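The listed protein sequences correspond, in order, to chains G and S.
Here the first sequence stands for residues 1 to 109, where the numbers follow the numbering used here.
Here the second sequence stands for residues 1 to 113, where the numbers follow the numbering used here.
Keep in mind that the hints were calculated from the coordinates and are not lab data.
Do not take every clue at face value.
Said to hold, decoys possible - Some chain G residues flagged as far from chain S (calculated, every beta-carbon gap over 10 Å): (1) G16; (2) G42; (3) H75; (4) A78.
Unchecked claim - In silico PhoX-like pairs for lysine-lysine, Cα to Cα no more than 25 Å straight-line: (5) K62/S x K11/S; (6) K70/G x K96/G; (7) K71/S x K96/G; (8) K15/S x K71/S; (9) K70/G x K56/G; (10) K78/S x K11/S; (11) K96/G x K62/S; (12) K96/G x K15/S; (13) K78/S x K62/S.
Every value quoted in this text rests on a predicted model; they were computed, and no experiment measured them.
In this text, a Cβ means the ideal position worked out from N, Cα and C, and glycines have one as well.
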Amino acid sequence: TQLLEQSPQFLSIQEGENLTVYCNSSSVFSSLQWYRQEPGEGPVLLVTVVTGGEVKKLKRLTFQFGDARKDSSLHITAAQTGDTGLYLCAGGRVGKLIFGQGTELSVKP
Amino acid sequence: EAEVAQSPRYKITEKSQAVAFWCDPISGHATLYWYRQILGQGPELLVQFQDESVVDDSQLPKDRFSAERLKGVDSTLKIQPAELGDSAMYLCASSFILGAEQFFGPGTRLTVL
Chain G
1 TQLLEQSPQF
11 LSIQEGENLT
21 VYCNSSSVFS
31 SLQWYRQEPG
41 EGPVLLVTVV
51 TGGEVKKLKR
61 LTFQFGDARK
71 DSSLHITAAQ
81 TGDTGLYLCA
91 GGRVGKLIFG
101 QGTELSVKP
Chain S
1 EAEVAQSPRY
11 KITEKSQAVA
21 FWCDPISGHA
31 TLYWYRQILG
41 QGPELLVQFQ
51 DESVVDDSQL
61 PKDRFSAERL
71 KGVDSTLKIQ
81 PAELGDSAMY
91 LCASSFILGA
101 EQFFGPGTRL
111 TVL
């Protein structure tokens with residue numbers, strides 16, 4: 001049973017387009033983290049959100065934690081080729097992280 | 001900048017052989033995690049240490065996998081014997097305390113032939 005569902009699983013867009021990745025669960029998490037992973041490398045932490053309704057911005061990336069702390073979204077404005085990679089959401093519970101299956105993003109020039 | 005170190009980066013082995021992976025967490029981080037990531041999926045926790053003690057190894061296949069962190073610093077994950085289905089990326093992560101943000105190493109890509 002996948003506790004965290006990410007959608008879409010694959011996304012291919014042109015440079016300059018906007019996109020949103022969703023991370024949904026029926027369970028409540030104490031925190032939600034987003035990571036970006038490049039092929040052959042470990043995940044790199046982008047952001048942590050802990051409060052329901054919280055919104056954080058990191059340059060062109062906007063992260064939101066749902067009011068009920070069960071879901072989250074990542075919005076990228078004006079995507080660049082350097083944004084290409086695997087985006088992973090991970091929910092924190094009892095000192096552990098539960099990962100979604102990831103969204104593979106490809107940004108074409 | 002402090003980083004989690006892992007070695008080797010790549011390992012190719014034949015089935016039924018033994019393999020071992022090493023992880024050195026960020027200095028001062030008490031909690032260490034080993035994850036397995038199958039291609040196209042998110043990481044899955046195998047074992048979690050708090051200092052030298054195992055906190056959670058419920059997902060570790062204990063018939064063939066073992067992990068230790070004897071002095072509460074670096075850690076070793078062993079597989080004996082390796083099976084074809086063990087081919088995956090093995091990731092190590094550490095956090096300052098239990099429940100804090102986790103930082104990942106570059107991983108070890110294991111291929112079992």
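For each hint, the structure was consulted:
1. G16: G16/G clear of chain S: closest Cβ-Cβ about 27 Å, beyond 10 Å.
2. G42: violated (4 Å)
3. H75: holds (20 Å)
4. A78: holds (27 Å)
5. K62/S x K11/S: The given pair, whose Cα atoms are some 21 Å apart, holds under the 25 Å limit.
6. K70/G x K96/G: holds (16 Å)
7. K71/S x K96/G: Since the Cα atoms of K71/S and K96/G sit roughly 22 Å apart, the hinted pair holds (cutoff 25 Å).
8. K15/S x K71/S: Given that 25 Å is the threshold and the Cα spacing comes to 31 Å, the pair is violated.
9. K70/G x K56/G: The hint holds at about 17 Å.
10. K78/S x K11/S: Measuring from Cα to Cα gives roughly 13 Å; hence the hint holds.
11. K96/G x K62/S: Within the cut-off at roughly 20 Å; holds.
12. K96/G x K15/S: Distance ~31 Å between K96/G and K15/S Cα, so the pair is violated.
13. K78/S x K62/S: holds (10 Å)
When each numbered hint is compared with the structure, violations occur for hints 2, 8 and 12.
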